[in-house]
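Undergrad: Following the hints, put chain B in place on chain A, whose structure we already have.
So the protein lines, in turn, are chains A and B. For the first sequence, this note's numbering gives the first residue as 1, with consecutive numbering after it. For the second sequence, this note's numbering gives the first residue as 1, with consecutive numbering after it.
Simulated from the structure, these hints should not be mistaken for lab results. Treat the hints with care, since some could be wrong.
Straight line, CA to CA, 30 Å or less: simulated DSSO-like cross-link-like pairs of lysine-lysine [unchecked claim]: (1) A/LYS287 - A/LYS344; (2) B/LYS29 - B/LYS91; (3) B/LYS130 - B/LYS29; (4) A/LYS344 - A/LYS255; (5) B/LYS32 - A/LYS198; (6) A/LYS172 - A/LYS205; (7) A/LYS255 - A/LYS345; (8) A/LYS152 - B/LYS91; (9) B/LYS91 - A/LYS172; (10) A/LYS198 - A/LYS255; (11) A/LYS287 - A/LYS266; (12) B/LYS91 - A/LYS113; (13) A/LYS255 - A/LYS317; (14) B/LYS29 - A/LYS94; (15) A/LYS94 - B/LYS34; (16) B/LYS32 - A/LYS94; (17) B/LYS91 - B/LYS32; (18) A/LYS339 - A/LYS318; (19) A/LYS344 - A/LYS297; (20) A/LYS298 - A/LYS339; (21) A/LYS211 - A/LYS317.
Take a look, some chain A residues computed to stay more than 12 Å from chain B by CB distance [to be verified]: (22) TRP32; (23) ASN110; (24) PHE271; (25) GLY273; (26) GLU306; (27) GLN312; (28) GLU315.
Chain A stretches covered by chain B per the calculated footprint, using a threshold of three residues with CB under 8 Å from any CB of chain B [claimed, not checked]: (29) 86-93; (30) 96-105; (31) 115-122; (32) 151-163; (33) 199-210.
From a predicted model like this one, the values you see are computed outputs, not experimental measurements. Glycine included, each C-beta is placed from N, C-alpha and C at the ideal position.
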Amino acid sequence: MRQGVCCQCGMSASIRSFYLLNGKMYCEPCVWKASRDAQTKGEPSEYVSLTDNSVCVRCGASSDATDFQLVGNQPLCSPCSQLIQDWPYPTWLKAGLAFVLILLVVALINGRKYFHAGRSLYVGERLVDEGHYEQALPYLEETVRVAPESDKAVLLAGRAALMTGRVDIADKVLHGHSGGHFEDPGDDFRTVEALWEKANRAFAKADEASKLGQQGGHDADAARLMHEAAAMYPQAANLAIAAEMYDEGAAFERKDYDAFLSIAQKQWRLFPGPETAGVVASALACKYAITGDEQYKKQSEEMLLEAERGSQQPEQKKRFEEYAERIRYRLASRAIIDKPEYDKKFRSQKSQ
Amino acid sequence: MFFIPGPVIAALTFPGVIIHEFGHLFFCKLFKLKVYDVCFFRFGNPAGYVVHETTDNFTQFWFVSMGPFFANTILCVLFCTAAFLPVWVLKVEDLLAYFFYWLGISIGMHAFPSTGDLSNLWSMAPERAKHGNMLAIVSVPLIGLLYILNFGRILWADLGYGIGVGILGPLAIFRALARA
Numbered sequence: 001m002r003q004g005v006c007c008q009c010g011m012s013a014s015i016r017s018f019y020l021l022n023g024k025m026y027c028e029p030c031v032w033k034a035s036r037d038a039q040t041k042g043e044p045s046e047y048v049s050l051t052d053n054s055v056c057v058r059c060g061a062s063s064d065a066t067d068f069q070l071v072g073n074q075p076l077c078s079p080c081s082q083l084i085q086d087w088p089y090p091t092w093l094k095a096g097l098a099f100v101l102i103l104l105v106v107a108l109i110n111g112r113k114y115f116h117a118g119r120s121l122y123v124g125e126r127l128v129d130e131g132h133y134e135q136a137l138p139y140l141e142e143t144v145r146v147a148p149e150s151d152k153a154v155l156l157a158g159r160a161a162l163m164t165g166r167v168d169i170a171d172k173v174l175h176g177h178s179g180g181h182f183e184d185p186g187d188d189f190r191t192v193e194a195l196w197e198k199a200n201r202a203f204a205k206a207d208e209a210s211k212l213g214q215q216g217g218h219d220a221d222a223a224r225l226m227h228e229a230a231a232m233y234p235q236a237a238n239l240a241i242a243a244e245m246y247d248e249g250a251a252f253e254r255k256d257y258d259a260f261l262s263i264a265q266k267q268w269r270l271f272p273g274p275e276t277a278g279v280v281a282s283a284l285a286c287k288y289a290i291t292g293d294e295q296y297k298k299q300s301e302e303m304l305l306e307a308e309r310g311s312q313q314p315e316q317k318k319r320f321e322e323y324a325e326r327i328r329y330r331l332a333s334r335a336i337i338d339k340p341e342y343d344k345k346f347r348s349q350k351s352q
Numbered sequence: 001m002f003f004i005p006g007p008v009i010a011a012l013t014f015p016g017v018i019i020h021e022f023g024h025l026f027f028c029k030l031f032k033l034k035v036y037d038v039c040f041f042r043f044g045n046p047a048g049y050v051v052h053e054t055t056d057n058f059t060q061f062w063f064v065s066m067g068p069f070f071a072n073t074i075l076c077v078l079f080c081t082a083a084f085l086p087v088w089v090l091k092v093e094d095l096l097a098y099f100f101y102w103l104g105i106s107i108g109m110h111a112f113p114s115t116g117d118l119s120n121l122w123s124m125a126p127e128r129a130k131h132g133n134m135l136a137i138v139s140v141p142l143i144g145l146l147y148i149l150n151f152g153r154i155l156w157a158d159l160g161y162g163i164g165v166g167i168l169g170p171l172a173i174f175r176a177l178a179r180a
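Just chain A, with the same shape it has in the complex:
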């Protein structure tokens, strides 16, 4: 450490505590006085503090032999000079940054399972907004599988399901969400609630129609109720189908076999299967019974064969055997009797 001596008072101390004024070295109290005197005399009065170039300004290390190298007018020892030229990243920082990158990878991997669900949600939402409910439903169901507690996903899925007549799916997703409770009953909730209530009223009416239909002889009333249910909730295609099936029964009841055959054939075209084939066979047998036209008999037998071929499951086979027996009787006897009457006449000892 360099020492200095005040030219005024002779005080000796570290050179860093001295000042330079007009080429002379002063201690702090003396430089104030000397500066004022110089100002009075009209001489330069500005002074600067002296630096000790043998002391590092950064770490305070001193060199007795030589001055330190000046970096930006500041004396710095060799290690500090090296340090500021190329400040190293601390090991903990490097480890920390590596850890952050690992966390980022983990975050993205952890988020991956949600990305798919989230994308499905946004796609589903867009499709719902565009009115493409049928297309939206699979996307929204996928989201609900991952996030059954998401209000948004559940309400959108419920709405898409109800708008496509899928009350079973709507019931599953809506009641799978906190037992049907929603925290914020906003517009989306109210829309779904209104649809849900409408669907329930329609199905209650359909249930009533079904009970009437089961009683026998009330197919006309059952058809009326079922048509009302279908009109109330047109999104449920099965209600309209059920209504037509009751129309068939009503036509049979009022002995309008042309209407019976026409509806049965329409159902067969729309939903070809053993059950609809059996109904066509029944209607054709009625037409044969009334007209005696062998053509109807032949067609009826063909449709009965079609129904038999399609009845693969045990339940279907059992049903086929039941109605095939009655249709064959109708074809053989040309007598048109309904099931209760047939049962009473021929099956009273077996069942019912």
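TA: Relative to chain A, chain B alone:
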């Protein structure tokens, strides 16, 4: 409005401070500027700093000052994007996702350049822009906006920025993906 001491906020969001200072140091080293002192985190104001050599080169100064803004913003968007869906949209109770969301917002909150850096940039940018410096021309509006927003720090504009980026960034990404 309740008062939360700065050091408490800094402690709760320390990863953002460290990454911000790392950004300064990285660009100083990249442009071979002398670094006199570095503090990555402390309980004080500022919570971290990098004392470095000044430079007349606007591009170098821009990157040293604004680098952390972009690095912190990008990291905030990435972490928050990974956690956005389970936390905000799907309402899935995933603790890991909540942890990543905190990390993202902590980083985003410390994206703002310091007042000193913004003042220097604001004093240099218009002049450089007049002389046709493209970076200055392009960044003048951003610097101006940040300069104004910086005054809002007293009203937690920096926290607002972190949360805003952490919500709007992922939302924009997922909306764009849904349209794709």
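Undergrad: Check the hint pairing B/LYS32 with A/LYS94 against an upper bound of 30 Å on the C-alpha distance.
TA: holds, 19 Å
Undergrad: Just checking, A/PHE271 versus chain B, shortest CB gap more than 12 Å?
TA: holds, 36 Å
Undergrad: Count residues of the region 151-163 of chain A with a Cβ under 8 Å from any Cβ of chain B, then say if the count reaches three.
TA: It holds: at least three residues are needed, and the region 151-163 of chain A offers 3 whose Cβ sits within less than 8 Å of chain B.
Undergrad: Between A/LYS344 and A/LYS255, is the straight-line Cα distance small enough, at 30 Å or below?
TA: Holds, because 20 Å separates the two Cα atoms, which is no more than 30 Å.
Undergrad: Please count how many residues of the region 86-93 of chain A have a CB within 8 Å of a CB from chain B and say whether that reaches 3.
TA: Coverage by chain B holds for the region 86-93 of chain A (5 residues, Cβ < 8 Å).
Undergrad: For the pair supplied as a hint, A/LYS211 and A/LYS317, confirm whether the alpha-carbon distance does not exceed 30 Å.
TA: holds, 25 Å
Undergrad: Is A/LYS255 close enough to A/LYS345, meaning Cα to Cα at most 30 Å?
TA: holds, 20 Å
Undergrad: Is it true that the CA of B/LYS91 sits at most 30 Å from the CA of A/LYS113?
TA: holds, 14 Å
Undergrad: Measure nothing beyond the straight line between the CA atoms of A/LYS344 and A/LYS297; if it is 30 Å or shorter, mark the hint as holding.
TA: holds, 25 Å
Undergrad: Quick check for students: does the CB of A/GLY273 sit more than 12 Å from each CB in chain B?
TA: holds, 39 Å
Undergrad: Under the criterion that the straight-line Cα-Cα distance not exceed 30 Å, is the pair A/LYS298, A/LYS339 satisfied?
TA: holds, 22 Å
Undergrad: Check whether the Cα positions of A/LYS339 and A/LYS318 lie no farther apart than 30 Å.
TA: With Cα atoms ~15 Å apart, A/LYS339 and A/LYS318 stay inside 30 Å; holds.
When held up to the earlier numbered hints, the structure conflicts with 2, 5, 10, 17, 23, 33 and fits the remainder.
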